[in-house]
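Engineer: Spelled out from the first residue to the last, the chains are:
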Amino acid sequence: MIHIHLAAALDGAGWHPAAWCDPAAQPSRLFAAGYWAGLVTEAERGRLDFVTFEDALGPQSSRFDGPDDRVDQVRGRLDAVLLAARLAPLTSRIGLIPTTSTTHTEPFHVAIGIASLDYVSRGRAGWRPQISSRAADAAHFGRRTFPVLSREDIGTPAAKAFVSELFGEAADAVEVVRRLWDSWEDDAEIRDVSTGRFIDRDKLHYIDFEGPHFNVRGPSITPRPPQGQPLITALAHDVEPYEFAARGADVVYVTPRSRTETAMIVGRVRNAEAAVGRVGEPLKIFADLVVLLDETASVAAERKEMLDQLDGAELTSDAEIFTGTAGELADLLLDWRASGLDGFRLRPGVLPYDLTGITHGLVPELQDRGAFRREYEAVTLRGLLGLPRPAGRYPATS
Amino acid sequence: MPVKQVHLAAHFPGVNNTTVWSDPRSGSQIDFGSFVSLAQTAERGRFDFLFLAEGLRLRELKGGIHDLDVVGRPESLTVLSALAGVTTHLGLAATVNSTFNEPYEVARRLATLDHLSGGRAAWNVVTSYDAFTGENFRRGGFLDEADRYTRAAEFLQVARLLWDSWSADDIPADPVTGRFVRRGAGEFHHEGRHFDVSGRFNTPRGPQGHPVIIQAGDSAEGREFAASDADVIFSRHSRLEDGRAFYKDVKGRLAKYGRRPEDLKILPAVTYVLGDTEEEAAERAVEIRRAQVSPQTAITYVEGIWGRDLSAYDPNGPLPDIEPDLGEGVSKGRAQFRGDRGAIARKWRAQAEERGLSIRELVIEVTGRQTFVGTARTVADQIDEFVQSDAADGFVFVPHLTPGGLDDLVDHVVPLLQEKGVFRSDYAGSTLRAHLGLDAPHPGPAAMPRAGEVAS
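Each protein sequence line maps, in turn, to chains A and B. The numbering of the first sequence is this note's numbering, which starts it at 4 and goes up by one. The numbering of the second sequence is this note's numbering, which starts it at 9 and goes up by one.
Hints may be right or wrong, so weigh each one.
Counterexamples of contact, computed for chain A against chain B with all Cβ distances above 10 Å [unchecked claim]:
| id | residue |
| --- | --- |
| 1 | D140 |
| 2 | T159 |
| 3 | R271 |
| 4 | T319 |
Covered stretches of chain B (chain A as the covering partner; in silico rule of three or more C-beta atoms under 8 Å from a C-beta of chain A) [what the hints assert, rightly or not]:
| id | stretch |
| --- | --- |
| 5 | 78-88 |
| 6 | 101-111 |
Just so you know, these hints were derived from the structure itself, not from any lab. The beta-carbon is built from N, C-alpha and C at its ideal position, and this holds for glycine as well.
The following block holds chain A by itself, in its conformation from the complex (with noise of 0.2 Å):
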């Protein structure tokens, strides 16, 4: 059997917004690194291929705009990149991406940073660029306004045309940035003592990017890193991002409620790959899940019971909420996989609770079944995915 890829997102005590509550969780070690270590370090126990990073430029937030004021949820976060670095040296590996901004953050830094993010991973660095959409966000920087959203205003014309323009500019962000990662051939240090010449100068390239939001000239500060073009990734709802992510990514995370819906996206994405017309390997396509899982299906939905009550509220989510057996939720992935995906992106309701579910419980089931490996195949996260180091995109000097 064709193994299926797994990865978990991490985020705060867990995507349920009362975790932080559970007797299992830490809260008051989320702003720590070895509580960090420990999850990582458990993932790669559990041989997945990637952990991802949430991040955003502003607090959480209940309101689709601005800040909710509730003081019984987690708010605050670290840095989605250096939380990833300082977890690179403890693990050898697991893949590790981060979540940046592509509407505030300058694209040259984060080409450096996940190059370098790269580098201290030997291989194992991944980017996840988010739009930054939040009109509270923005005035953090007080270099543009944008205007204030509610969850009503999406599909008004005048939102539409707004996220579009986001959306630009992240393409733009994405495309600089691969040619930042390109703009040193591979070979360009050569350290020549009779010319004296540490670099062979006409191995590095301008990028000369010219768009409506920034023109950048390069090339990059930083080599070419070690995968030569770190894994980029994506997560998307509607046909605009599917593009976005056809345009620029390697991995597409989804969001379907079913096998059947499943299908009807996956031919959405693939549709948006011919209309950019996408050449070389396609995206490959992880569905994204929140789980609670524990030994039998009555435990798992009580406890999510426990923590909606907690939080006064029912979970909701983008995704699609799985509480239940190990076994089980081996059979969903399994049964979805068959509509075209290529893995999934598990997001635990607590941590570490629900991550240690998915690494004692669901890996070694998904192994008996012969659906997931048992040990690394390859030392770098493209390789893991089996995509192939890329050559660079500037015409090679002789």
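Dock chain B against the given chain A, drawing on the hints supplied.
Structural biologist: Just chain B now, with coordinates in the frame of chain A:
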């Protein structure tokens, strides 16, 4: 009077012409292993901190990328965060430009490094204004040279506002009461000439409250910025008398900001060469100077002053007989050569003629004087003398080799300083502020008047 304690920092060798890459012992300047090795050596030597420089555009010469020095480096904060995982006490200092960044992001990245290192973060605040570097960023060359320090000062002011928007006890995270966070944690509001920002900072206060702030400018503005705002100032004054004058000047500026002399540490950047005898050290020093100034580097250096292509000249021959072109110059992305190039050229000619120096010999003579050359004993004595006579509070050592360039300093000089009782034998604290003997900054909004907060 008790003896002053020496503070030691290490600069990772990199993109500069101190670094000798042609030596067979010279390792990679980009592989993480080199950073781990140098950091662990510095920590073995009980150094206060490791320092990484930054340059956001590759330097150019005669319309192409400058190719004679080491080129290529990682993003400093990312590497330092990784190093936090393989060290336990060493301070981790990043250079981050205040012109091509925004306070919200820089403040949260430094607070993050402070959390992830258990209180070991430092920020070397640098400024630039050049449109050349700006070509890699959204706003290009938007800043006048005159504004670079006003922007830097306001940038730091906003960063401090953001760090102070959380207090140390803002996260009770108590499942019994159901309170994770203090209401209003992270609120901030700032309106100024360069920044108009408000909202919620989303990274809780780090263990040090504020990272250690470093400033490296030598101009009057730079000294004033350090006196008002920095915890450490780097300098280039590595002669005893110059050092004492600088020290007196800078420390004298602190009182008007309500600060004590010990609140700002003065650390000149220095090089060193050791030998078993003075003669051996001196011979090694000459060899290193020749390796640092290759024939091609010598020509390039003179081209920087002459503003002309001099590739046809023999580096082992005399200086060019043609006059310098005093137009826009051939070098981009470096700060030097902003003085009177004509005057420099005349001075060099006189110097070369008087002593019969070739181009290469002259460049060796006029660039990068080595600071400490001698046996471990004489170098330790000189370091101590500098510090005890108030020419410095310590030094930033700039090794010429990656990654082994600190080895003999740590193995031979540090033990002598420890013997003298002027350098720690073990770390007494766990934070960089503790190593440097700096007070904690004020504790944050709960204890302070909340000036400038948004009315709600």
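Engineer: Can you name, in rising order, the numbers of the hints this structure does not satisfy?
Structural biologist: 1
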